[in-house]
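**Student:** Below are the chains, spelled out letter by letter.
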Amino acid sequence: MNGPQELLRRVLGPAGDDAGCEQTLEVLDEYVEHQLAGRSAAALYPDVATHLAACPDCGQDRDALVELVRVHEMG
Amino acid sequence: MLAVELVRAIEACDAVAVTVDAAVVLDPDSRAWLAALRPDGPGHDQGVADLYALLHRAARHEAQRRRGSLPARVADDLDDIARQAAGDAVIVVLRKLDTYRGASRFTTWAYKFVIFEVSAALRRESWRGRTATMDDAGWERLADYAPSTPEARVEIRELTGAIERSVAADLTPRQREIFVAVVVNNVPIDVLADRLDSTRGAIYKVLHDARRKLRSSLEAQGWAPWADEGEA
Numbered sequence: 003m004n005g006p007q008e009l010l011r012r013v014l015g016p017a018g019d020d021a022g023c024e025q026t027l028e029v030l031d032e033y034v035e036h037q038l039a040g041r042s043a044a045a046l047y048p049d050v051a052t053h054l055a056a057c058p059d060c061g062q063d064r065d066a067l068v069e070l071v072r073v074h075e076m077g
Numbered sequence: 048m049l050a051v052e053l054v055r056a057i058e059a060c061d062a063v064a065v066t067v068d069a070a071v072v073l074d075p076d077s078r079a080w081l082a083a084l085r086p087d088g089p090g091h092d093q094g095v096a097d098l099y100a101l102l103h104r105a106a107r108h109e110a111q112r113r114r115g116s117l118p119a120r121v122a123d124d125l126d127d128i129a130r131q132a133a134g135d136a137v138i139v140v141l142r143k144l145d146t147y148r149g150a151s152r153f154t155t156w157a158y159k160f161v162i163f164e165v166s167a168a169l170r171r172e173s174w175r176g177r178t179a180t181m182d183d184a185g186w187e188r189l190a191d192y193a194p195s196t197p198e199a200r201v202e203i204r205e206l207t208g209a210i211e212r213s214v215a216a217d218l219t220p221r222q223r224e225i226f227v228a229v230v231v232n233n234v235p236i237d238v239l240a241d242r243l244d245s246t247r248g249a250i251y252k253v254l255h256d257a258r259r260k261l262r263s264s265l266e267a268q269g270w271a272p273w274a275d276e277g278e279a
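For the record, the sequence lines run as chains Z and V. Residue 28 in our numbering is what sits at position 26 of the first sequence, and the numbering runs on without skipping anything. Residue 243 in our numbering is what sits at position 196 of the second sequence, and the numbering runs on without skipping anything.
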């Protein structure tokens with residue numbers, strides 16, 4: 003682990019355009035289905051990927067939705 | 048939410064005409080959900096009951112998944128929280144039904160609303176009675192691991208000091224309050240939104256602006272972050 007870089011990353015969040023919470027929620031279902039299908043959701047929605055890495059609440063909700071769809075819809 | 052309250056709330060929602068992008072071919076399951084939930088359809092009441100059952104199951108699943116990280120008083124209350132979140136999510140889904148474009152399966156689309164509701168409720172309940180203010184040990188905890196060498200310890204201490212000074216000098220009081228709560232004290236944004244009578248999006252925007260200011264300030268002091276790696 004690179005200490006100062008790790009700390010800077012945590013404090014500043016990722017660089018790049020950030021979709022924000024509302025826009026992210028708008029497409030979160032599509033993002034998650036792409037992710038579960040093995041497609042690069044981050045390449046398709048780069049500003050959403052940036053937001054998910056920067057916003058702890060939205061990132062946690064994405065993880066929860068991935069888990070839910072994986073378990074309930076994909077067996 | 049009691050069943051009768053749920054029915055009243057659903058009846059209060061405007062009737063919506065569901066239109067899906069003509070270019071999108073819906074899977075049979077999503078088509079069936081839309082047909083069942085049509086406001087004027089014969090199967091509407093059953094469709095709403097099925098939707099509640101689906102979202103209640105989802106809310107319970109998520110609540111149970113997080114049980115281990117919740118305070119005991121919240122863990123004891125998961126059934127009520129899941130029921131309430133499912134009821135709230137049904138209302139949101141019905142209100143937003145005309146915005147469903149068929150870009151994902153209907154169930155995935157509906158699940159995101161119940162996840163939003165149950166997550167926000169669990170965060171609020173977990174932080175009930177806890178203060179979100181700064182304590183003296185907060186800045187020490189910012190680097191939440193022990194640097195392995197004396198040089199790394201010095202570097203981390205210098206960076207932590209630079210961050211603390213920039214937060215004090217460059218941020219507005221509102222930005223400082225939200226930045227310290229979220230980044231230093233790990234307070235969920237939903238909790239701040241609830242306490243400050245705001246929304247997740249509005250609180251996040253303040254955090255985002257604060258981080259941009261700090262990035263400029265720290266870069267000017269020679270603390271340049273590397274380029275971020277993309278996320279899967």
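Treat the hints with caution; some may be incorrect.
On the chain Z side, residues computed to face chain V include the following (Cβ under 8 Å) [to be verified]:
| hint | residue |
| --- | --- |
| 1 | Arg11 |
| 2 | Val13 |
| 3 | Cys23 |
| 4 | Ala39 |
| 5 | Leu46 |
Stretch by stretch, here's where chain Z covers chain V in the computed footprint (C-beta under 8 Å, at least three residues) [unchecked claim]:
| hint | segment |
| --- | --- |
| 6 | 77–84 |
| 7 | 88–94 |
| 8 | 126–140 |
| 9 | 227–241 |
| 10 | 255–267 |
Since the hints were made in silico from the structure, they are not lab data. Glycine included, each C-beta is placed from N, C-alpha and C at the ideal position.
**Student:** Which earlier hints turn out false for this structure, listed by number in ascending order?
**Tutor:** Those not satisfied are hints 4, 5, 6, 7 and 8.
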